[in-house]
Amino acid sequence: MGGVHPEENKISTQAVIEPFPVPEKVVVLMNQHLGAPATPIVNKGDKVKVGQLIAEAKAFMCANIHSPVSGTVSKIDVCKDPFGVSKPAIYIDVEGDEWMETIDRTPDIKRECTLTPQEIVAKLKDMGIVGLGGATFPAHIKYNVPEGKKAEYLIINAVECEPYLTSDHRVMMEHAEEICIGVSILRKALGVPNAYIGIENNKPEPIAVMKAMASKFEGIIVEPLKVRYPQGAEKQLINAITGRRVPSGKLPIDVGCVVSNVGTTFAVYEAIQKNKPLIENILTVTGKKIPSQHNYQVRIGISYGDIIKHSIGELPATTGKVISGGPMMGKAIYNLDGPTVKGAASVLVIDESEAIRDKESNCIRCGKCVSACPMGLEPYYFSGLVRNERFAEAKDRNILDCIECGCCFFSCPANKPLLDEIRMGKNKVRAMMAAQKK
Amino acid sequence: MKLLNVSGSPHVHSDESTKKIMWRVNIALIPMLLVAIAFFGLNALLVSLVSVACCVLFQWLIEKFILKVPSTICDGSAVVTGLLLAFNVPATREMFWIVAIGALVAIGIGKMSFGGLGKNPFNPALVGRVFLLISFPVQMTTWPKPGENLFSMVSVPTTDATTGATPLGILKENGTDALPQVWDMLLGHIGGSLGEVSAIAILIGAIYLLCKKVISWHIPVAFIGTAFVFSGILWLIDPTAYMNPVYSILSGGLMLGACFMATDMVTSPMAKSGQLLFGFGCGLLTIIIRTWGAYPEGVSFAILLMNAVTPLINRWCKPARFAK
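From first to last, the protein sequence lines stand for chains A and B.
Per numbering that gives the first Met the number 0: the first sequence ends with 437, consecutive numbering throughout.
Per numbering that gives the first Met the number 0: the second sequence ends with 323, consecutive numbering throughout.
Everything labelled a hint here was simulated from the structure, so no lab data went into it.
Note that the Cβ used here is the ideal one computed from N, Cα and C, for glycine as well.
Computed cross-link-like contacts, EDC-like style, restricted to lysine to aspartate or glutamate with a CA-CA straight-line distance of at most 20 Å: (1) A/Lys-9 <-> B/Asp-14; (2) A/Lys-287 <-> B/Asp-14; (3) B/Lys-323 <-> A/Asp-395; (4) A/Lys-43 <-> A/Asp-76; (5) B/Lys-1 <-> A/Asp-350; (6) A/Lys-415 <-> B/Asp-14; (7) A/Lys-46 <-> A/Asp-92; (8) B/Lys-317 <-> A/Glu-392; (9) A/Lys-122 <-> A/Glu-100; (10) B/Lys-317 <-> A/Asp-395; (11) B/Lys-19 <-> A/Asp-357; (12) B/Lys-1 <-> A/Asp-336; (13) B/Lys-67 <-> A/Glu-359; (14) A/Lys-215 <-> A/Glu-173; (15) A/Lys-288 <-> A/Glu-6; (16) B/Lys-18 <-> A/Asp-357; (17) A/Lys-187 <-> A/Glu-176; (18) A/Lys-287 <-> A/Glu-7; (19) A/Lys-358 <-> B/Glu-15; (20) A/Lys-415 <-> B/Glu-15; (21) A/Lys-225 <-> A/Glu-204; (22) A/Lys-9 <-> A/Asp-350; (23) A/Lys-308 <-> A/Asp-336; (24) B/Lys-211 <-> A/Glu-6; (25) A/Lys-43 <-> A/Glu-97; (26) B/Lys-1 <-> A/Glu-313; (27) A/Lys-215 <-> A/Glu-204; (28) B/Lys-323 <-> A/Asp-253; (29) B/Lys-323 <-> A/Glu-403.
If you want a taste of the chain B side facing chain A, the calculated C-beta under 8 Å gives, among others: (30) His-12; (31) Glu-15; (32) Gly-117; (33) Lys-118; (34) Met-264; (35) Ala-270; (36) Phe-321; (37) Ala-322.
Can you build the whole structure from these sequences, using the hints too?
In structure tokens, the structure reads:
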């Protein structure tokens, strides 16, 4: 149902994942995940090693944060993130590259896992694993299935339906076995019989590689899917694989599903089998007009500016926008000095010619937004409601079902900023509901 | 340092635009124009030109001097209205000035008075057409006989061609015996308004629009299907009094209305279920008006009536929610 088919532009699929050089300094934000910020446990002047715990999850919805580099804590202060929001952060000056002794840095693949499900979940928490598909949901909460609910399906999201992005593609090509081990570990943690890896048909190479590898494992099934944005959205993927639908306002576990991004399963493997906390991302540097395309394994906390400087030098003169994430759901970067965080998947450079929106004109009531909406909503109607501040009606018409995939604005021939208006409407509705609760 | 753009997602856009959609509709109308010129001669071309020119001019004048807003004539929607209006009048010389009045009503009252493209509740071309039908009943139903001035492109006749009746007119006056051949109705070799005579030309345009995803199949299929079934039932009851359903759907403005007027996105429902209901209503009303109404033709009235209930249909027929 619904959806669109934007130009794929997967131009960096052949760029092998390179280790990104260790920078001179990093800034580690304390909000790298969904939920409350982590609490720093180091002080100014402390020496830290790569992989050392530097901030602890004190709240329920929170995740541990480890140092991505070795060196000295220079200050604990606030830092403007790439999108202009000030957040608490730990600044570290890099000295050498000294890792924690517990981390297994050998290239050997470790296949056996003897941990119990509880131990696996506890270790995911220790290692600060969060979902790398975009929402950065803390993994230990996701894999700790609440009482009274039962996981029946483990779904691995390798859809990568966003145009341009290729980090999942490359991880599958280069780390298929580690991914399958990671999937087996998660399968064990949940106690489900089968795990399904959903990959869109426009990625024949990863499908072949993953199918060959999955056949050596028990209970891992690769599901090729028809290409359709936003199939990588959690609710849409669950529907594509199981035929089930997550009800409004509910979580995947309410229909017996747990969804994990394929990049996360690789991080799970490294955390459980190699004792490596989540300190690195696989990140794509791409764009139509930049001189070279890259996929990097990059330490968290490096600024976007440093990544651009090392990979392509200067931004092209005609650069219009730099986006963290894909062009459909990614965020436009406001501050290139801002650091990367867990789950940062790309640096996407968009040319001026594509970065400026065309002029808005009257809605011609074509209904393209209605047909495109994967949630079966009426974006054009929200536009009118929000402009007239009729938020109660917007709530009744299920504005909160919106997953912000952008299909409505993408397909609007009148260039109405539909998603901007819906986002504002959602915020107002949430505020309204919070006020009513009080 | 050069500043970066910042905006909410999505950061890419499909290459759809209102302008593209409207010009595609204009392209789809070309086969009908060619058939009209072939059967009705230079008059057809001149009526179309006058109609289009007046629609564009009136929109430009209203936007510049009355509304004082930037001109939107380049989006092609005034050309669509002009062509559709011309396609709904007979190709006679009197129409040269009558259609200009129709253009003023279509653009001025039908469209700009509501705020321009997208805001009009009724199909502007039909507003113009119905105004003309009521104001100039004789001229609007004096049909040139097709083919008789087939060569008028080379020798412009000094008088109008001999007038002939439309199949629906024949039916109202003479019963079912005197109807033309189905083949002639497919090709367009019958009496009628400029653009409505050839079912084949209309279908070529409609298929183009379907392929370009400007229209969807829901409204035309529901409209034509309902008309076919309903008139078929009547025909089965009494074949001497009622028209064969094949004639029903090929005659008058039904094909043109179903494919180009009812599918006007501005005035038809948004959800697919609503579009089916809309098409059903159009088909039903058309046959009711044709059978029991005072006018031989009911397509324009049927579509305008359904335009009026479109906001209600939008209320009832919502898309199926993904997450209940």
